[in-house]
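Take these sequences, add in the hints, and give me the full structure.
As they're listed, the protein sequences go chains S and H. Note that our numbering gives residue 42 to position 41 of the first sequence, counting from 1, and the numbers run on in steps of one. Note that our numbering gives residue 363 to position 181 of the second sequence, counting from 1, and the numbers run on in steps of one.
It should be emphasised that the hints constitute simulated quantities derived from the structure, not laboratory data. Being a predicted model, the structure only gives us computed values, none of them experimental. Accuracy of the hints is not assured; some may be wrong.
[Unchecked claim] According to the in silico footprint, chain S covers these stretches of chain H (three or more CB under 8 Å from chain S):
{"id": "1", "segment": "250-256"}
{"id": "2", "segment": "260-272"}
{"id": "3", "segment": "279-289"}
No residue lacks a Cβ here, since even glycine has one placed at the ideal position from N, Cα and C.
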Amino acid sequence: MIDPIFIAEAALNGILLGGVMALLALGLNLIFGVLDIVWIAYVELVMLCMYLVYFLVTGYGWPIWLGGLASVAFGAVLGVAVHLLIISPLLNSAAINQFLATGGLLFFLQSFATFLWTTDHRTVRLNLPIIEVAGMFLSFARLIAFVVAILAMIGLYLFLRHTFIGTAIRAVSQDRDAMRLMGANPQRVYVVTSAVGGAMAGLAGALLIIQYSVHPYFGAAFGPLTFMICVLGGLGNMVGAVVAAVIMSEIISVGGVMMSTEMGYVIAFVLFIVMMFARPGGILAKRE
Amino acid sequence: MLELRGVTAGYGQFTALWGVSLRVSAGEAVAVVGPNGAGKTTLMRVISGLVSPREGDLTFEGQSLARLPAHEIVAHGIAHVPEGRRIFPMLTVADNLKMGAFLRSARRGYRDSLERVYTLFPALAERQKQRAGSLSGGEQQMLAIGRALMSRPKIILLDEPSMGLAPVMVLRLFDLIRRVREEGYTILVVEQNVRQILKLVDRAYLLEVGRIKMEGRADELSEQDFVRKAYVGL
Numbered sequence: 002m003i004d005p006i007f008i009a010e011a012a013l014n015g016i017l018l019g020g021v022m023a024l025l026a027l028g029l030n031l032i033f034g035v036l037d038i039v040w041i042a043y044v045e046l047v048m049l050c051m052y053l054v055y056f057l058v059t060g061y062g063w064p065i066w067l068g069g070l071a072s073v074a075f076g077a078v079l080g081v082a083v084h085l086l087i088i089s090p091l092l093n094s095a096a097i098n099q100f101l102a103t104g105g106l107l108f109f110l111q112s113f114a115t116f117l118w119t120t121d122h123r124t125v126r127l128n129l130p131i132i133e134v135a136g137m138f139l140s141f142a143r144l145i146a147f148v149v150a151i152l153a154m155i156g157l158y159l160f161l162r163h164t165f166i167g168t169a170i171r172a173v174s175q176d177r178d179a180m181r182l183m184g185a186n187p188q189r190v191y192v193v194t195s196a197v198g199g200a201m202a203g204l205a206g207a208l209l210i211i212q213y214s215v216h217p218y219f220g221a222a223f224g225p226l227t228f229m230i231c232v233l234g235g236l237g238n239m240v241g242a243v244v245a246a247v248i249m250s251e252i253i254s255v256g257g258v259m260m261s262t263e264m265g266y267v268i269a270f271v272l273f274i275v276m277m278f279a280r281p282g283g284i285l286a287k288r289e
Numbered sequence: 183m184l185e186l187r188g189v190t191a192g193y194g195q196f197t198a199l200w201g202v203s204l205r206v207s208a209g210e211a212v213a214v215v216g217p218n219g220a221g222k223t224t225l226m227r228v229i230s231g232l233v234s235p236r237e238g239d240l241t242f243e244g245q246s247l248a249r250l251p252a253h254e255i256v257a258h259g260i261a262h263v264p265e266g267r268r269i270f271p272m273l274t275v276a277d278n279l280k281m282g283a284f285l286r287s288a289r290r291g292y293r294d295s296l297e298r299v300y301t302l303f304p305a306l307a308e309r310q311k312q313r314a315g316s317l318s319g320g321e322q323q324m325l326a327i328g329r330a331l332m333s334r335p336k337i338i339l340l341d342e343p344s345m346g347l348a349p350v351m352v353l354r355l356f357d358l359i360r361r362v363r364e365e366g367y368t369i370l371v372v373e374q375n376v377r378q379i380l381k382l383v384d385r386a387y388l389l390e391v392g393r394i395k396m397e398g399r400a401d402e403l404s405e406q407d408f409v410r411k412a413y414v415g416l
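Below, the structure is given as structure tokens:
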């Protein structure tokens, strides 16, 4: 029998992981919700941002927070670049073409990263303490990542709710032509959306590099999980994505402690498949 | 104020408007009437830039609009309330109105405009926080008009405002349009409810299969035998 304290610790860790996963899923979901396009290479952008923070911090001695800010800015630039170079020319073509194009970007980025930086695992070494709470051990890095992710999500919520451009981002997906009649250039709204989605990838990269090492195939671990969370939450559904992120992270974390890390993933994916039959519209979707 | 000269426009191979000329002076209310498929909606879409004219010229306060994209035309002071209302159903009433003030020039006076719209349409004020999609057809049309007013336009284009409304609502809507008129807005309206719209406007054009067939003062036009028989149904 496993000591309940380990399970409690795993559950707590699951919530902390859930925060960062939710951030990833929200960025992807935002873009999907507005442009109706899934950026297959989303976590590869995160990977590039992680490398940036790694080089800035270990190579140039930048403080981690400054590296993080640079990562957010870099992510936004990457997001705009992906939109202008890949998505924009394909905006009116078949969904499968858009899917293949961003899928192609994924392989390109993986290969190019391998070419530039080899497959070595690289870690930013920060001397962050481990905190003990009621007999449970928590990594301070995870706690920071969680808190920052939550703050970013609140920021995103306020941005989408209260600013003109944020409201326009929500409106343009409902009626592109009507938005033009309001005096908004849809292309500009898309660029802003892509920049925000990219900035969230940049932030997620900064929060992940303090917990995990980066390598060109980083996206292979987190990419499928992110998509799964988005689909489970209902594509485009922001609240659903957060709920799904916490559920999946809990299963992986608690399952990992009770059995093994691999079994945690197996259970998570089995649940995902079952849910796809039971609730194809996402966990928060109303039943037909 | 607004002038179209020999405008020809259409979609792909199809031509919906043939050399249409039309003029609206400041402070005027003008109607374009005609049967289904006459090109009325295309006419509105050409003015607001959603469709580019193939030939002809389109000027507003002396400036040509013919090659401008829709989102720049609004900035000149032309607000288009499209056919079918086209509100944002998932946004709240307040957010819909906020989008009406998306233009930089409109944002400064946002609070003022909002108050004016709520005074004009008290029903919208009561439902500010409700999703626009949950409003009745008449309220949605109010919202669409209110949203257009938020951009602080000089002219409002109304495309079939009474479409899909119950007869009682149609009467109330025309009353609202009259009030908007009294606020001093210039209005160009497309309608199938010929009899009622002719009571509301100063002048009217009759559009048939893409061509202007007749024009004149609203009271004179409604007396014409031809119009009476064909459209007014008297």
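How the hints compare with the structure:
1. 250-256: holds (count 5)
2. 260-272: holds (count 8)
3. 279-289: holds (count 8)
Of the numbered hints stated above, none is contradicted by the structure.
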